[in-house]
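Colleague: Below, each chain spelled out in residue letters.
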Amino acid sequence: MPKTARPAYDHEGFSPFGDPMLRWLAYVVSGWLLIALVGGLADVMHLTIMLPATSAIVVTHVAFARGTSVPFGLSVAIALGYLEDLHQGAPMGTLCLAHAFAFLLLRWASARLHLRGWILRGVASVFAVLLIDVLTWAVLFTLSEPLGLRREALISSVSDSRWHALATMLAAPPVWALVERVFTLLRLEDKPPHQAYWSGQ
Amino acid sequence: MAISVRSVRNGVLVVLLLGIPFVLLRNSTKHPHEMSAFDRSVRRIGAPLEAAVSYSAGMLGSFFERWVLQARLQDANEDLAAENRELRQRLRELVALQEENQQLRRALQMRDKVPEDMIPAERIGVDQSPFFRVVNIRIDRGSRYAAPGMAVLSADGVVGRIDKIFDDYSDVMLITDPRSKIAVELARNHAQGILMGNDEDSCVVDVSKDFTVEIGDLVQTSGVDELFPKGHPVGQVVSVEQLVGDQQRLYVSPAVRFDRLDVVWVVLANAPEPDPRAEDGPPGVRSRGLQPIR
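Chains A and B are the protein sequences, given in the same order. Reminder that position 40 of the first sequence reads as 40 in my numbering, one-by-one numbering, no gaps. Reminder that position 169 of the second sequence reads as 169 in my numbering, one-by-one numbering, no gaps.
These are computed hints drawn from the structure, not numbers from a lab. Please note that the accuracy of each hint is not assured.
Unchecked claim - Here are some, though not all, of the chain B residues that point toward chain A, as calculated from beta-carbon distances under 8 Å:
| # | residue |
| --- | --- |
| 1 | 10 |
| 2 | 13 |
| 3 | 14 |
| 4 | 20 |
| 5 | 22 |
| 6 | 28 |
| 7 | 29 |
| 8 | 32 |
| 9 | 49 |
C-beta atoms are modelled at their ideal positions from N, C-alpha and C, and glycine is treated no differently.
Work the whole structure out from these sequences, hints included.
Modeller: Okay, here's the thing in structure tokens:
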């Protein structure tokens, strides 16, 4: 099967200046703001429900974006995972690792799947958050002794993943639209919003 | 398959980047309660950003809470208004009960003070003129208890006489009825006369010009007709008309508000005369019978 020509908008590698850096900052700052916003709103409104994983939605967006390379997307995922570790108080590196592997898997899927419409994006975000939760749980379960964690507590928290997924699926459309709007305002997106992503081979 | 330089570079970068979380995890397991300098600096940089977001979220939350609070206040206001309406209705009922209680107490007090034999009767109906004046009342005492001509009193004064008797109720002819005649006197100077009904809300009585009459003089029963007990208020003089001859005509406004009567008393028998030999022997028989004016 012949290789398809790379699109002209495919940004490979890192560059300290120009679109890739600005795009990286846009992803990380947007994710950071969303983490702070969700936490702040939950605290102000005294919410006791499971909060959405906005970082998982951003990582899904990065994985399925056309103008990003694997190292670029992986660095964004690791940065967002690091910020999540800081905010949630988890052992540093836990969510980092989970976000990183989730991105790699989603990137592999983006070569074979075509996300179109809010429903598929929501489903993809749900898959991402479930993947992150499973990986996080696996890391914590593996390192429970060095980290001083009770395995019984980890086992009982598995059932909460479904609410985490539901909240993320409900938050996926507005978060996705927000990220695309930010990129449009910064003129980083080289296509109009609400169109299908790359489904290259 | 040829491997491009770009692919190799990307692969190396991926491996290096994946090493970052492993390094962080290793540090966490070794020093789980310590925070590195980099972590502290990231927190310090992000603190203003997070503070701004929290402040904005707080503003939004307070606005939402205020809106919700206003909605709750509105609901509470509606509940309180409904409760207020119920309480006002109950208050009106209680005021009516209080007035009825006062009337009944006054009636009972009258019953205790008046020596005549009387039975209470409740007003069950009225007849009104086209001008909404009461011209006739109906009481719940029938042929079993009452007889035509019996006097009817109230706590405020004289009402009239029983006119017609039916099985379970009776019609009372008021003192304002043109057919009504009652022996009265002025309380101030005992000028006597016969009170007759004039119109729907007044009576007339002719007395001698020898007696000076003033507006406001109290007119009471004289007991001469032996039908109405002596000394019961009938009304007040509202105007005086000098007639040809030695009479003067007094226009009397009744003391009783016929439209507000609830309980009246039917006089069964007048009190007996005081026994001149009361100090010597026991008191005589109480009841003497009825003698209406014809």
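Colleague: Which numbered hints does this structure break?
Modeller: As far as the earlier hints go, not one is violated by this structure.
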